[in-house]
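Per the working numbering, the sequence shown starts with residue 613, numbered consecutively.
In case anyone wonders, no lab produced these hints; they're calculated from the structure. Bear in mind the structure is a predicted one, so any value in this text is a computation, not a measurement. Idealized CB from N, CA, C, for every residue including glycine. Fair warning: there could be bad hints in the mix.
With a straight-line Cα cutoff of 25 Å, these simulated BS3-like cross-link-like pairs (lysine-lysine) come out [claimed, not checked]:
#1 Lys699 with Lys669
#2 Lys623 with Lys864
#3 Lys864 with Lys853
#4 Lys669 with Lys770
#5 Lys618 with Lys864
#6 Lys625 with Lys853
#7 Lys770 with Lys747
#8 Lys618 with Lys853
#9 Lys669 with Lys769
#10 Lys747 with Lys769
#11 Lys769 with Lys853
#12 Lys853 with Lys623
Label-pair ranges, simulated between beta-carbon atoms [said to hold, decoys possible]:
#13 Arg796 with Arg670: 40 to 50 Å
#14 Glu776 with Lys625: 36 to 46 Å
#15 Tyr667 with Leu736: 27 to 37 Å
#16 Ser753 with Ala844: 47 to 57 Å
#17 Pro852 with Asp766: 16 to 26 Å
#18 Ser751 with Glu817: 43 to 53 Å
#19 Asp656 with Gln615: 22 to 32 Å
#20 Gln642 with Gly754: 47 to 57 Å
#21 Asn816 with Arg765: 12 to 22 Å
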Amino acid sequence: MGQVEKIIFLKNKTVPEDHYETIFESNGFQTHFVPIITHEHLPDEVRGRLSDANYMKRLNCLVVTSQRTVECLYEDVLPSLPAEARKSLLNTPVFVVGRATQEFMERCGFTDVRGGSETGNGVLLAELMLNMIQKGDISSSGTFLLLVGEIRRDIIKKRLESAELEVEEIITYRTSPLHDISERFERVFTDNSWVVLFSPQGTNELLPLLRQGAAKIAAIGPTTAQYLLDNATPPILTSPKPEPSSLYNAIKDYLAASPMGN
Numbered sequence: 613m614g615q616v617e618k619i620i621f622l623k624n625k626t627v628p629e630d631h632y633e634t635i636f637e638s639n640g641f642q643t644h645f646v647p648i649i650t651h652e653h654l655p656d657e658v659r660g661r662l663s664d665a666n667y668m669k670r671l672n673c674l675v676v677t678s679q680r681t682v683e684c685l686y687e688d689v690l691p692s693l694p695a696e697a698r699k700s701l702l703n704t705p706v707f708v709v710g711r712a713t714q715e716f717m718e719r720c721g722f723t724d725v726r727g728g729s730e731t732g733n734g735v736l737l738a739e740l741m742l743n744m745i746q747k748g749d750i751s752s753s754g755t756f757l758l759l760v761g762e763i764r765r766d767i768i769k770k771r772l773e774s775a776e777l778e779v780e781e782i783i784t785y786r787t788s789p790l791h792d793i794s795e796r797f798e799r800v801f802t803d804n805s806w807v808v809l810f811s812p813q814g815t816n817e818l819l820p821l822l823r824q825g826a827a828k829i830a831a832i833g834p835t836t837a838q839y840l841l842d843n844a845t846p847p848i849l850t851s852p853k854p855e856p857s858s859l860y861n862a863i864k865d866y867l868a869a870s871p872m873g874n
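Between the sequences and the hints, there should be enough to build the whole structure, so can you do that?
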């Protein structure tokens, strides 16, 4: 790259470390974060389930698709569990979407985290689980507990239920749009900035700005890419996996193949 590339992530910055910031800044990008939604943890129901010794005996595994759920478990559930319940939970198999979620679960103390980098979306995770059941690597009995956000797709739930598995779904967080998104975005946006969308939620008011500005738009996955196409704001590229290294490599390859990196 012959110039410093600016990249704007339309998301909350992950703490204590955001791996998108780490990989892009270490490779010469100037990074900015524009949060577009806020998250509220809803720990009461899942805390009640995981505190119940009889329920834990029936629990087959957890299914986690979002780092927001991990935050809810780490901040609001694990600290309040009795010692035995906490130990039992941390030894429960957990199936996750994406490497970042896998690493977060492991940092929280979960000892049997599966999926991760090889399961970048819900379809792949469901297929992994069903393949493991078919091979006898995990049991088909007991409760498969899906921990989800208030807004979610039902791909995993429907796929597991179609295999006649016992599935329970508990909402662990809700999201709502933040105010002044356009103003905050315009403060950091300049022509030819990269803009990365992680979800359709909360981005409606930014679409006109993206269409009229000289933005290089990247989508984190196919659902977000399709949303952009449906709204006449086609992305330049879609990350093959919803992971920092995958997004970085896609952008690096694009810049390498583009005249003057533009």
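Flag every earlier hint the structure violates by its number, smallest first.
19
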